[in-house]
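K.L.:
Residues per chain, in single letters:
There are 2 protein chains.
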Amino acid sequence: MYQAPLADVLTTLTHMVGADALAQTDLYNEASPDTVEALIGEAGRVCSEVIAPLNRVSDLEGARLENGVVRLPSGFKGAYDQIAEGGWVGMSGSVEHGGLGMPITVMSAVNEMLSSACLSLSLVPILSQGAIEALEKHGTPEQQERYLPKLMSGEWNGTMNLTEPNAGSDVGALRTRAEPNGDGSYAITGGKIWITWGDSEAVSNVVHLVLARLPGAPEGTRGISLFLVPKYLLDANGEPGTPNALKVVSLDHKMGIHGSPTCVMAYEGATGWLIGEENKGMACMFTMMNNARLAVGLQGVGAAEAAYQHALSFAKERVQGRTPVGDGNGPIADHADVRRMLLSMKAQTQAARAIAYDCAYHLDLARAANTAEEREAASRMGAFLTPITKAFGTDTGIEVANLGIQTHGGMGFIEETGAAQYLRDVRITAIYEGTNGIQAMDLVGRKLSVDGGETARAYLSRIAQTAARLQAGAQTQAIGNALAAAVETARSATDWMLNAAGNDRNAGAVAYLRLLALVGGTHYLGRAALATGDPARIELARFWAETQLPNVPALLSQASNGASGLYQIPLEAL
Amino acid sequence: MYQAPLADVLTTLTHMVGADALAQTDLYNEASPDTVEALIGEAGRVCSEVIAPLNRVSDLEGARLENGVVRLPSGFKGAYDQIAEGGWVGMSGSVEHGGLGMPITVMSAVNEMLSSACLSLSLVPILSQGAIEALEKHGTPEQQERYLPKLMSGEWNGTMNLTEPNAGSDVGALRTRAEPNGDGSYAITGGKIWITWGDSEAVSNVVHLVLARLPGAPEGTRGISLFLVPKYLLDANGEPGTPNALKVVSLDHKMGIHGSPTCVMAYEGATGWLIGEENKGMACMFTMMNNARLAVGLQGVGAAEAAYQHALSFAKERVQGRTPVGDGNGPIADHADVRRMLLSMKAQTQAARAIAYDCAYHLDLARAANTAEEREAASRMGAFLTPITKAFGTDTGIEVANLGIQTHGGMGFIEETGAAQYLRDVRITAIYEGTNGIQAMDLVGRKLSVDGGETARAYLSRIAQTAARLQAGAQTQAIGNALAAAVETARSATDWMLNAAGNDRNAGAVAYLRLLALVGGTHYLGRAALATGDPARIELARFWAETQLPNVPALLSQASNGASGLYQIPLEAL
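Residue numbers (this note's numbering), protein chains in the order written: chain C, 6 to 579; chain D, 6 to 579.
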């Protein structure tokens, strides 16, 4: 059973990322290392003891739609109440509206642990946090006052309503309409699909954030506005009153995350209110979405951690054949190929975690740093690391869960074992909130070029500094040498991307993103090795460098092939 | 819906592998290209039209144990009857006992198509074929006469009973007992798990091949014998008579292949007969197992082909956003990253298919070649290619099915779409019949060193010849150059493996196997390009070389790291 990896989480925050520095800022001066450790420790305890035991129940029972009401797996309501009572939904929300005012970094650590414990349930706070941030940034004071406290307390939950059958990755194609009612509200009409936690019996109201088009709005993404559409309209006391004209039509049958209701929603002239400006819905949506992309990357990390622990526990107990070390009677973890899989799982999980926490840290600095210049630079770094966090975190979740099944041998394919569920559950994370291909295109098309490559070069310079420090240590010299060479390769890849045409960039985007993640991963594992001097951390960094950095030249090659080779075979000949 | 890829299958046989040469041998002189094409065409038609439509039914209904009888998904019985009537169970069995006497190569093509259509159902003929080969090689004439015709006709099916709860990869740990009854038969007592198609309503008898220990047998694999244990004892007419003392205790709940009953079996003094010599059961088992490993590799290829077709069909129809080519209104297949996934799926599938067919071809030559020397060399080449076929074929199945889900975006996670099932089903193929880690160890520990590397070097020399031919063509020169360099890297890796200590080999085995598969894959795709001059085949070989061969140096590095780095972190610190 999952045990919250508190030591790894804190080492990542302190030594890989340096997030303790946040306590020195005015904004986060209450986030002292002691406070952070206490918060994470308590959240970890609930995740391990209360939520993780529900994970298999979530898979077996699933969410069900009964007479228009979404019923949840046994125990979900009680577990969700503990999440809410812990203050974890509004963990980084403003104190003014009932949040804890903690850094996003700390919230991210909690989100990771929730995701390890139960991916289905972790989606409730994650989506509410997206709605909270959208309302904090774009809502009117009245909207904030009426909705934020209940969202932060977890009494209500938030959703993102983007997708329609013909508008998935192409959000601009959506057709849901918003007609002014003449009283400041709008009548929202249309169908939405894949609405995560679109309804449930765990909360007393649902705050839908819905993308729709105003009459006469321009085509495409420039004609989309964001609306707040509650399940129940609020009465004079701000409590849920009259049911709104919306409903859950059906739930999808999915490969995994069965406990998370994925709703087909119908809005039938439902009453909603504009959030932000007319036709600026995409900007509001990206506020939610960037938040959610970080959180989804952490879902991948959380699934990876849980799958790793699960496989490690099996590999330490299962005995098969003579082992090549010790007295030969050890468990299968002593077989070279099993040990290789375990180390690979551990190293990948730690690298993905560090990238995600570093992303969160820069989003915090973007709020809390002293100067506008520092805040701007941090904001760009956070934005740059967001697609890497999302894609590499979720790819890692899938890869580690897959290795976890393999470590179990035949038992891995038997559902009772639990290993298969991690893969079935985490598989969606590489798709939702923008597929990993979309993330890679966001990286090379927007995040990389928005400042002419300055942020990317700054990131690589930080890594080069770590390489130099590693090179200076007797035990870490080889890691440093390999990393220094990899940074140069990453610089070449970055230069190539900055000079390439749009579709050439897109053709190599996935490889380029992975290249940065592998180089970045060495940096974080190396920093932990340097800071702690812990032999196990030095060896993990060495293992990572030996097994992952050799892939970097191949990724440069794949990143810089260009697009033309992809179109030489006509589509009809595929 | 799956369409049998007849053109690709025939091109692979003829141009990548050169299997038409078999018709020149005495043994296979009836396997003329026309006959082969007709057989494969008919099998492909049944797979596409009759079996593939059952694949989702198989997943939804699954096999069920009702009052001791295994009930099958709707339509399975009728579909299986068509497989049997086509002669495909006994396709490569001896004509003397009712088989078609066709090459294993042709049977492999049929097995691949069956696997594309329905992985669950494909297991019946695959396991029967293993039993047939074991009886042909090791059975007494009486055993052959009584059991082979019914197995070949498909009236009965065969199973492999190896695994016990504490004896999985370590077969030598098994505890099932065989006590002589004094009349030439034995009483078999013990429990077996993961017995694929251990019972069903589709057949009138089940021929269990069961590994067990004789009284006083040596410990480990040297004390294991193989027994034939029918579900029903045969009466004087050779028809199923008295029920034997064995039963299905339960069926496992699995991640996939729900239509395939995976049985927990209890043998309670069941009557069985020795196959082969006492305590030589492992040799007999490996006869079954090598056959099954080729077939399982082809399950991976089949799943990959089906998942590719499924994703391609979606990507050709689904429209999202402006595309970067043509008039910009194309389907998502025109987006660079989607096109990259499709090409990657296609190329990997073709490479894995060619390796598997080449493995089968050498197993055929091992029977049919003119001289003992040629037969011996072919036998070793077939044995060498078997673990590569199994591991790379099934890794390809998983990777392509995973890309298939990704190509579908959110639809890929919805079970109704069917993309998820391919991944859930194919996931087991990397585990059963020896995990892919075991395959890699078999390659470096046995197949590579049995002749001091002679077979490996011969394989690489064949590839080097293809490289030279590619280098000589204007359009294929770059592919040839890349392949020539990759062959040298493969030679270095092979030399390293031959000189390394056992556990150092094991530590790098998975990487080494993949390295050989990537280099081999280029050889086959290159041969098709050279032989046909088809621009699409030249481009596919070029795409493969550009995207896969850059991984070869990384794989050399990973293959030759040695084992010691894996054990630097103590197990308790993981």
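Keep in mind that the hints were calculated from the coordinates and are not lab data. Backbone N, C-alpha and C define an ideal beta-carbon position, used for all residues, glycine too. Hints are not guaranteed to be accurate.
What follows is a list of derived Cβ distance ranges for each label pair [stated by the list, open to error]:
| hint | chain 1 | residue 1 | chain 2 | residue 2 | range |
| --- | --- | --- | --- | --- | --- |
| 1 | D | E206 | C | D539 | 57 to 63 angstroms |
| 2 | C | L65 | D | E206 | 55 to 61 angstroms |
| 3 | C | G196 | D | N72 | 43 to 49 angstroms |
| 4 | C | A541 | D | T376 | 54 to 60 angstroms |
| 5 | C | L65 | D | P248 | 33 to 39 angstroms |
| 6 | D | T247 | C | S318 | 54 to 60 angstroms |
| 7 | D | V330 | C | S37 | 54 to 60 angstroms |
| 8 | D | G243 | C | H258 | 45 to 51 angstroms |
| 9 | C | D539 | D | G331 | 24 to 30 angstroms |
| 10 | D | H258 | C | G189 | 25 to 31 angstroms |
| 11 | D | A506 | C | D86 | 40 to 46 angstroms |
| 12 | C | D31 | D | H258 | 44 to 50 angstroms |
| 13 | D | D25 | C | G196 | 35 to 41 angstroms |
| 14 | D | A506 | C | S318 | 26 to 32 angstroms |
K.L.:
Decide, hint by hint, whether the structure agrees.
P.N.:
Right, here's what the structure says about each hint:
no.: 1; hint: D:E206 / C:D539: 57 to 63 angstroms; result: holds (60 angstroms)
no.: 2; hint: C:L65 / D:E206: 55 to 61 angstroms; result: violated (28 angstroms)
no.: 3; hint: C:G196 / D:N72: 43 to 49 angstroms; result: holds (46 angstroms)
no.: 4; hint: C:A541 / D:T376: 54 to 60 angstroms; result: holds (58 angstroms)
no.: 5; hint: C:L65 / D:P248: 33 to 39 angstroms; result: holds (35 angstroms)
no.: 6; hint: D:T247 / C:S318: 54 to 60 angstroms; result: violated (46 angstroms)
no.: 7; hint: D:V330 / C:S37: 54 to 60 angstroms; result: holds (55 angstroms)
no.: 8; hint: D:G243 / C:H258: 45 to 51 angstroms; result: holds (48 angstroms)
no.: 9; hint: C:D539 / D:G331: 24 to 30 angstroms; result: violated (56 angstroms)
no.: 10; hint: D:H258 / C:G189: 25 to 31 angstroms; result: violated (54 angstroms)
no.: 11; hint: D:A506 / C:D86: 40 to 46 angstroms; result: violated (57 angstroms)
no.: 12; hint: C:D31 / D:H258: 44 to 50 angstroms; result: violated (55 angstroms)
no.: 13; hint: D:D25 / C:G196: 35 to 41 angstroms; result: violated (56 angstroms)
no.: 14; hint: D:A506 / C:S318: 26 to 32 angstroms; result: holds (30 angstroms)
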